[in-house]
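> Each chain is listed here by its residues.
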Amino acid sequence: SAVISQKPSRDICQRGTSLTIQCQVDSQVTMMFWYRQQPGQSLTLIATANQGSEATYESGFVIDKFPISRPNLTFSTLTVSNMSPEDSSIYLCSARSGGAGEQFFGPGTRLTVL
Amino acid sequence: RKEVEQDPGPFNVPEGATVAFNCTYSNSASQSFFWYRQDCRKEPKLLMSVYSSGNEDGRFTAQLNRASQYISLLIRDSKLSDSATYLCVVNRSIGNEKLTFGTGTRLTIIP
Numbered sequence: 001s002a003v004i005s006q007k008p009s010r011d012i013c014q015r016g017t018s019l020t021i022q023c024q025v026d027s028q029v030t031m032m033f034w035y036r037q038q039p040g041q042s043l044t045l046i047a048t049a050n051q052g053s054e055a056t057y058e059s060g061f062v063i064d065k066f067p068i069s070r071p072n073l074t075f076s077t078l079t080v081s082n083m084s085p086e087d088s089s090i091y092l093c094s095a096r097s098g099g100a101g102e103q104f105f106g107p108g109t110r111l112t113v114l
Numbered sequence: 001r002k003e004v005e006q007d008p009g010p011f012n013v014p015e016g017a018t019v020a021f022n023c024t025y026s027n028s029a030s031q032s033f034f035w036y037r038q039d040c041r042k043e044p045k046l047l048m049s050v051y052s053s054g055n056e057d058g059r060f061t062a063q064l065n066r067a068s069q070y071i072s073l074l075i076r077d078s079k080l081s082d083s084a085t086y087l088c089v090v091n092r093s094i095g096n097e098k099l100t101f102g103t104g105t106r107l108t109i110i111p
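Line by line, the protein sequences give chains A and B. FYI, in my numbering the residues of the first sequence are 1 to 114. FYI, in my numbering the residues of the second sequence are 1 to 111.
The hints are simulated quantities; they were obtained by calculation from the structure and are not laboratory data. Just to be clear, a hint being listed does not mean it is correct.
With a cut-off of at most 16 Å between alpha-carbon atoms, the simulated EDC-like pairs for lysine to aspartate or glutamate come out as follows [to be verified]:
(1) A:65 x A:87
(2) B:45 x B:82
(3) B:98 x B:15
(4) B:79 x B:57
(5) B:98 x A:102
(6) B:79 x B:15
(7) B:45 x A:102
(8) B:98 x A:26
(9) A:7 x A:26
Here are a few chain A residues that sit away from chain B, every Cβ distance over 12 Å (derived from the structure) [unchecked claim]:
(10) 11
(11) 20
(12) 26
(13) 27
(14) 28
(15) 51
(16) 52
(17) 72
(18) 74
(19) 79
By construction, the Cβ of each residue, glycine as well, lies at the ideal position given by its N, Cα and C atoms.
Use the sequences and the hints to build the structure in full.
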């Protein structure tokens, strides 16, 4: 199994600022993902974080708004840029080893934008 | 139509009862199916994978009907600790590692 930690666990930010969320996995994993979960909603995939190359974004999400880094097999960051209240959500990092492996989730970062 | 649809509930069930959830998916090319459990203010965790022949893990039984494109989860002898949101999860297509999550079914077990 993989243990995933995220920092910060929560933050309250002002409109127009940016926040970078860090994700650390305790073992090397093939795939890392970033999800968003809004209150009462299910998880929406933002992007797949690719090691050493640009992330692959889902429809409705763009690199300028959500830049992602993945410098190695155990670490990734997601930045929420130029925040607005609509960005208030829980952001979850996720990881999986291999196509058929179990997918694990970090504890999430609860973001509130005022 | 949503890719994965679930009845959001809530299901309020007395302790010891049996409860069943269904989930439908729209993409006939999906090959991998899962049930995840999410406790309040916690991250989702894998409860069980769903295999074509159906599978059981203790009090939990999962079944897949490819022809009708639905997945079910049965919980027998429900415990208070079973209270959670149950997420139906499907991969997008053959060889596609990305998962699509349903909105979840909220279950509360009543003492």
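> A separate judgement is required for each hint: does it hold in the structure or not?
Results for each hint:
At most 16 Å may separate the alpha-carbon atoms for a hinted pair to count; residue 65 of chain A and residue 87 of chain A meet this at roughly 10 Å. Between residue 45 of chain B and residue 82 of chain B, the direct Cα distance comes to roughly 13 Å. Compliance with the 16 Å bound is thereby established for this hinted pair. Between residue 98 of chain B and residue 15 of chain B the alpha-carbon distance is near 36 Å, which puts this suggested pair outside the 16 Å criterion. Under the criterion of a C-alpha separation no larger than 16 Å, the hint pairing residue 79 of chain B with residue 57 of chain B is consistent with the structure, at around 15 Å.
Only pairs whose Cα atoms come within 16 Å are accepted, and residue 98 of chain B paired with residue 102 of chain A is accepted, the gap being roughly 12 Å. Among the hinted pairs, residue 79 of chain B with residue 15 of chain B is consistent with the structure: their alpha-carbon atoms are about 6 Å apart, no more than 16 Å. Note on residue 45 of chain B and residue 102 of chain A: the hinted pairing holds, with a Cα-Cα distance of about 9 Å set against a maximum of 16 Å. Between residue 98 of chain B and residue 26 of chain A, the direct Cα distance comes to roughly 22 Å. Violation of the 16 Å bound is thereby established for this hinted pair.
Using a Cα cut-off of 16 Å, the hinted pair residue 7 of chain A and residue 26 of chain A holds, with the two alpha carbons roughly 14 Å apart. Its beta-carbon lying about 16 Å from the closest one in chain B, residue 11 of chain A satisfies the requirement of being farther than 12 Å from that chain. With a cut of 12 Å on Cβ distances, residue 20 of chain A stays outside the contact zone with chain B, its closest approach being about 20 Å. For residue 26 of chain A, the requirement that its beta carbon stay farther than 12 Å from each beta carbon of chain B is met, with the minimum near 15 Å.
Even its closest Cβ contact with chain B, about 16 Å, leaves residue 27 of chain A beyond 12 Å, as expected for a residue assigned away from the interface. Separation of residue 28 of chain A from chain B is adequate, the least Cβ-Cβ distance of about 16 Å exceeding the 12 Å criterion. At the 12 Å boundary, the C-beta of residue 51 of chain A stays outside the reach of chain B, the nearest C-beta of that chain being 14 Å off. For residue 52 of chain A, the shortest C-beta to C-beta distance to chain B comes to about 18 Å, beyond the 12 Å cut-off, and the non-interface label holds.
With a cut of 12 Å on Cβ distances, residue 72 of chain A stays outside the contact zone with chain B, its closest approach being about 19 Å. Taking the minimum C-beta to C-beta distance to chain B, about 18 Å, the non-interface status of residue 74 of chain A holds against the 12 Å cut. Under the 12 Å C-beta cut-off, the non-interface status given to residue 79 of chain A relative to chain B holds; the minimum distance is some 21 Å.
When each numbered hint is compared with the structure, violations occur for hints 3, 8.
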